[in-house]
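Those sequence lines, one after another, are chains E and Z. Just so you know, our numbering puts 101 at position 100 of the first sequence, and the rest follows in order with no gaps. Just so you know, our numbering puts 152 at position 151 of the second sequence, and the rest follows in order with no gaps.
It should be emphasised that the hints constitute simulated quantities derived from the structure, not laboratory data. Don't take every hint at face value.
A short, non-exhaustive set of chain E residues, derived as facing chain Z with CB atoms under 8 angstroms [to be verified]:
hint, residue
1, 34
2, 41
3, 57
4, 98
5, 130
Covered stretches of chain Z, as calculated for chain E (at least 3 residues, CB under 8 angstroms) [stated by the list, open to error]:
hint, stretch
6, 26 to 39
7, 88 to 98
Backbone N, C-alpha and C define an ideal beta-carbon position, used for all residues, glycine too.
Protein chains: 2
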Amino acid sequence: MKYFEDIQVGETWDIGRHTFTADEIKAFAQRFDPQPFHLDEAAAARSHFGALVASGWHTALAWMRLMIDYRHRQDEGLRSRGEPVAGVGPALGFRELKWPKPVYVNDTIHYASEVTEKRASASRTGFGLMSFRSTGVNQNGELVLSLVSTTFLERRPTRA
Amino acid sequence: MKYFEDIQVGETWDIGRHTFTADEIKAFAQRFDPQPFHLDEAAAARSHFGALVASGWHTALAWMRLMIDYRHRQDEGLRSRGEPVAGVGPALGFRELKWPKPVYVNDTIHYASEVTEKRASASRTGFGLMSFRSTGVNQNGELVLSLVSTTFLERRPTRA
């Protein structure tokens, strides 16, 4: 990532897309969230959802993986231009993790983020804290995931 | 689960324990959160953490899995006593997902939950909304995970 000083509040990042297959939905749920509406088409048809849906955690973890891949691409771009790469993470946690609509089989979710706040870190010298709101939107333009995260980001070193 | 009417604000649930091995920490991170301090001991030793640590999402997903297993045990107990089983879920989302301390290799995390609020659901007839705070505490008594979730829980059917 860029240094803390080079990040602007309001800047947006196009994180990427993920399509949720039935096999992947069931395999994730089997391990982490074995509720009937994530595991079995017939049980899901009888549920509130009416059809098989991805675990909300699955929707969030697909975002997390794409976010790390996005950062790696950003870092490669910086290195290829001979620019320094700032250290990032760990995250402090998340606020307002919401799943306003379900993710159904073969939905493609488009993830994006927007920087909402920057502030000094009292605990960690050389790092600032950056907050950003991330969203996942399906192929019909419906919001399926929203979360606000706060993470450490390295400051530009001061000259000696 | 018990019906919405039978859940008391303040009641606590002992969800269970999970021990995080190095292999499991790395396998989870490889798939969902490939940051150096979750993947490689040498890189982790040079990081803020000083040693390999579990992804915060891994700490949360271990909770989710144990919570579903806990509900299944509760349901089996109700059925074995000939009592009705209330439908539960889905969750609306989470508030204040926090990782105040890292989870290191071979840490055993004890998960528990406390019901913090009950309220009517405006959107779903026959269900109420229940909020509960869940925590993960390591073998040294340190809090490593805290989250507040809100989920649907079936109301006791009214007599005709």
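Status of each hint after checking the structure:
Given hint, residue 34(E) at the interface with chain Z, holds; its Cβ is 5 angstroms from that chain's nearest Cβ, closer than 8 angstroms. Checking residue 41(E) against chain Z: minimum C-beta separation of about 14 angstroms lies over 8 angstroms; hint violated. With its C-beta approaching chain Z no nearer than about 6 angstroms, residue 57(E) sits inside the 8 angstroms limit, and its interface hint holds. Because the beta carbon of residue 98(E) sits about 4 angstroms from the nearest beta carbon in chain Z, less than 8 angstroms, this interface hint is met.
Among the interface hints, the one on residue 130(E) is violated; its C-beta lies about 13 angstroms from the nearest C-beta in chain Z, farther than the 8 angstroms criterion. For a cut-off of 8 angstroms, the count of residues in the stretch 26 to 39 of chain Z with a CB near a CB of chain E stands at 6, and the three-residue condition holds. For a cut-off of 8 angstroms, the count of residues in the stretch 88 to 98 of chain Z with a CB near a CB of chain E stands at 9, and the three-residue condition holds.
Hint check: violations occur at hints 2, 5; the rest are consistent with the structure.
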